[in-house]
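Note that the protein sequences, when read in sequence, are chains W and G.
Quick note on the working numbering: the first sequence kicks off at 1 and runs consecutively.
Quick note on the working numbering: the second sequence kicks off at 1 and runs consecutively.
Don't read these hints as lab results, they were simulated from the structure.
One or more of the hints may lead you astray.
Cut-off 27 Å, straight-line C-alpha distance, at most; resulting in silico cross-link-like pairs (DSS-like, lysine-lysine) [unchecked claim]:
| hint | chain 1 | residue 1 | chain 2 | residue 2 |
| --- | --- | --- | --- | --- |
| 1 | G | 123 | W | 267 |
| 2 | G | 6 | W | 344 |
| 3 | G | 6 | W | 343 |
| 4 | W | 523 | W | 200 |
| 5 | G | 123 | W | 560 |
| 6 | G | 123 | W | 541 |
| 7 | G | 6 | W | 200 |
| 8 | G | 145 | G | 123 |
| 9 | W | 557 | G | 123 |
| 10 | W | 523 | W | 476 |
Output of the computed footprint for chain G on chain W, the stretches with three or more beta carbons under 8 Å from beta carbons of chain G [what the hints assert, rightly or not]:
| hint | segment |
| --- | --- |
| 11 | 220-233 |
| 12 | 241-251 |
Cβ atoms here follow ideal geometry from the backbone N, Cα and C, with glycine treated the same way.
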Amino acid sequence: MIIEISHFLSILATGLFLLVGYFSILAPSSNSSYISNLIVRTYSHGFFFLLSSFLIYVWLAITDNFSVQYIANHSNTALPIFYKISSIWSAHEGSMFLWIVFLSLWGFLFNIRVKNSEVLKPKTMGVISFILVGFLIFLLATSNPFVTILPIPPLNGADINPVLQDPALAIHPPTLYLGYVGFVIPFACAIAFLLYGDSKINWEALVKTWSVSAWVFLTIGITLGSWWAYYELGWGGYWFWDPVENVALMPWLAATAFIHSLGVSIKSSQLRIWTILLSILVFSLSLFGAFIVRSGIIDSVHAFANDPDRGLYLLGFIGLIVFISVSLFILRLSSIQSLSRIKKFSKQSFISINNILFGALIFSVMLGVTYPLIYEFLFDQKISVGAPFYNAIFIPIVVLAAIFLFFSVDSKWSRSINFKFISTPISFSILLSLAFTLFVMQYFESKSISILASIFAGSLIIFRYIYEIINFIFSKKFINPFSVIAHMSLGLLLISISFNSLLSTERALSIDLNSTEAYKDLKISFKDIGVENNANYDSIKATFLVEDQTGRTFNLKPEKRRYFTRGQITTETAIHVTVLRDIYITIGDQLDDGSWIVNIQINYLIRWIWLSALLMGLAGIILVFSHRVKT
Amino acid sequence: MNLLLKLIVFIVPTTFILLFFMILTNEDTYPGADYNQFQIPEFELKVLDNSMTVDNDLLDGDYVLNVWASWCITCIIEHPYLTSLSKNGVPIIGLNYKDEQEDAIFWLKKYGNPYQTILHDYKGNLALDLGVTGAPETFLISDGKVIAHYQGEVNDQIWNDVFLPIIKDREMF
C-alpha cells in the first residue's frame, strides 16, 4: 500500500509539472499575473509530491521492504542504515529517481528565491517542468523503481555491490548529480530568454549564483569520485580518462567556460552568444553523461546494466531538447548580437580566448569518448583511446590557457592594455618561474617538455597572484578573493600533477613471508598474512612493516576480500599518507613458490591535486556567499 | 559568419545524435554478451543433492550452463524461459552459485527443475574461474569449451540473437 502511495505521488507530480509547463509556455495568456502565481504554486505542489514520494521510498529502503524489487535487488537487512539509504542510488532506477528529485529541488529553490515580478520566471519554471516531465516519464515507463515482487517478497535482499559500501561513494553520486542538474537553471533561463525574445532582458545576472553553486557541486563531486577510485577501486591514481570520468569532465569544462563568459555578459553585454551557447552546451553535456552511463553503450566501472530502450528514449529526449534549443538560438541569433566589438587585450578578449580553448578541450574529450564507438560501429574493431591521446591534447592547451590567464591579470574591463613586458609583476613572475623550472630540470634531471612547461605555467600563475596579494597587503590594491583562490588553485593543480607524474613510481615485488625487500628509500618487511572471516566476506589480510630513509616505521595492512553474496573480489589498499607523498600497497596473488605479489606505489603530491580541486570549489563557495551578502 | 555559426550549432549535435541512434539500434549490440572461447578450467564439484561428484570428464558434449541461485531475483524471471528451452530439447546444466543447499532445493520444488544436472558451487570457485560476476549468467559450451557467454537474464530475444546463430552454425543439439 505504502509503495503504491509513493508511486502515485510521483505520477501526480508528473501531472502537475505538465500543467506548469503547459500554462507557462504553451497556453495563450501566459503573461498574466494570475497565471504566473498559479505556476509558482503548482510547481511547489508538484515538488512536494515528488519529494514525499522520494522520502517514502527512502523509508521503504530503511525498513527493508523487499516487496519493492529494486530494494530487494540492491539492499540487505545486514547493512547499516547509512548504506541502506545509499543503496537507493547504487543502481540505475534509484539513482535516476534521485537525479530527478534533485532537478526538481533546484527548480523549487529558484521558484522560492526569485521574485514573481521577474519577467523570465514563469517561462523558466515552464522549461524546468517540461524537462522534469520528460525524465519522470522515462523513470516511470522504462525504469520504474516501484515495481513490486508480490505476493511473496524475498526474505532478504541481494546486497549492495561491495565496492559501493563506502562513505565516499555514498556522497559522491549525490554531489555530482546536484552539480549536473543544477545547470538546468541557467539553461532554462537562457531558453526562457530566447522564447521571450526581448534582448534587453539581462538573464545572465539572474543565473550567476545558481551557475556557480552548481559548478561548486560538480567540482567537489568529481574530486570525491577521483579520491574514491584511488583508494577503494585500487586504481592508484587520480584520473584515468575512463569514459565516465570524461563525461563528467566535459560539463565541468563547459561550465567553467560558461561562468567566465557569463561574467563578461553581465558586465558589458558582450559574448552573449557564447554565453547562451555555453549554457545550452553545459546542460546538454550533463544529459549526455546520463545517456552514456544509462544506455549501456560503454563498458565502464560506472555503467549501469541496462536495455537499449532506455538509451533510445534518453537519446530521443535529449535530441528533442537540443533541437528546440538550437532552433530557438538560430531564430533569435540576429537580435542578441552585441554591437560593440571586443577590444584587443581587454579582459573580455582574454575570456573569449578562454572560451575558444575550452571549446577545443571539450571537443577533444568528446572525440576521445565517441571515437571508439564510431570506429567499432563502422569497422567492427575495438580500439581504445587512452591517456596518451588526452595528454597530447590537454597539456599544450592547458599550458596555453594558463599563460593567457597570467597576462589577463593585468588586463582591464573594456580597455586595451599596452603590455610592458618588463613591468615589475610580469618580469618578477617570469624570472621566478624560470628559476623554479630550471631548478626542477637540474635537480630532478627532468627532460620532459610537457612536465617542465606545465610547471612553468603553473608557477607563473602562482607567482603573479602572490605579487597581487603582496600588493593588496601593503598598498591595499583591490583583489577578488575568489578569483585569486580559484586561479592559484589551478596553478597548484598544474604543479602537483606535474610533480606527481615526474616523481611517482610503482613496482610489483614478489616477497616471501618474514623477509624484507628494498624499494627506493623504503625497506618493506612482510610480517604476517592470514585469513579473516567476516559477516559478509572472507578476507586475506597482510601486514607489512615499512621503514623510510629517516628511520620512521609504520604498518600497512592491505586486504583482499571476497564477498559471499556476489562473489566479488575487492582489493583494500593500504595507504600511508604524508604531506608530500602517499605510500600505497595492494596485494595480489600468491605465486607457486609461496611468495606473494605486492604492488607498491609511491605517489607524490597526490593529496595536493585533490586539495587544489577542493580549493577551486571553495573559491566558488566564497563567490556565492559574497554575492548573497551584497544583494 | 552568422550562417556558418547557425550551420555549426545545428550540424554538430545532429551528427552526434544520429550517430548514437545508429549505434543504439544496431542489432548486434548486446553489452552482456561475449564470444571469447576458452577451455573450462579443472573442477570437481558435488551435485546439489550430494549424490555424486562431477568433474571435467563427466561433462562433455554440447550443453548450456546456467548460473543461478535461490537469492537471485532475476533468476525467477528467467526461469520460465529456461523451462521452455529444456522442454524443446536443449540440455541445460545448472550451476548453483553461492547458495545454501536447502534453499536451492526448496526453490526448485517451488518453481520446477529445468536442469539435467545441477552442480553445487557453494564457494563460487568454478564460477570465479569462468568469470561469473553474478547471477544469472549463461554459457554455451561445446566439448569442454566455452563458446558464448551472456551476463543477465536470457529471454527469447537474447536466445535468438546471442546464442541461436552459433548453435545453428555449429549444428549443435
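These are the hints, each one checked on the structure:
1. Simply put, residue 123 of chain G and residue 267 of chain W have alpha-carbon atoms about 66 Å apart, too far for the 27 Å limit, and the pair is violated.
2. Proposed proximity of residue 6 of chain G and residue 344 of chain W is supported: the alpha carbons are some 26 Å apart, at most 27 Å.
3. Under the criterion of a C-alpha separation no larger than 27 Å, the hint pairing residue 6 of chain G with residue 343 of chain W is consistent with the structure, at around 25 Å.
4. Taken as a hint, the residue 523 of chain W and residue 200 of chain W pair is broken in the structure, with Cα atoms around 69 Å apart against an allowance of 27 Å.
5. Among the hinted pairs, residue 123 of chain G with residue 560 of chain W is consistent with the structure: their alpha-carbon atoms are about 16 Å apart, no more than 27 Å.
6. Distance check on the hinted pair: residue 123 of chain G and residue 541 of chain W sit about 19 Å apart at the alpha-carbon level, within 27 Å; holds.
7. Between the alpha carbons of residue 6 of chain G and residue 200 of chain W the distance comes to roughly 22 Å, so the proposed pair stays at or under 27 Å and holds.
8. Simply put, residue 145 of chain G and residue 123 of chain G have alpha-carbon atoms about 22 Å apart, close enough for the 27 Å limit, and the pair holds.
9. The hinted pair formed by residue 557 of chain W and residue 123 of chain G meets the criterion: a straight-line CA distance of about 25 Å does not exceed 27 Å.
10. With a C-alpha separation of about 52 Å, the suggested pair residue 523 of chain W and residue 476 of chain W falls outside the 27 Å cut-off, and the hint is violated.
11. Judged by the Cβ-Cβ criterion of 8 Å, the segment 220-233 of chain W is not covered by chain G as claimed, because only 0 of its residues qualify and three are needed.
12. Given as covered by chain G, the segment 241-251 of chain W fails the check, having 0 residues with a CB less than 8 Å from a CB of that chain where 3 are the minimum.
Taken one by one, the earlier hints fail for this structure at numbers 1, 4, 10, 11 and 12, listed in ascending order.
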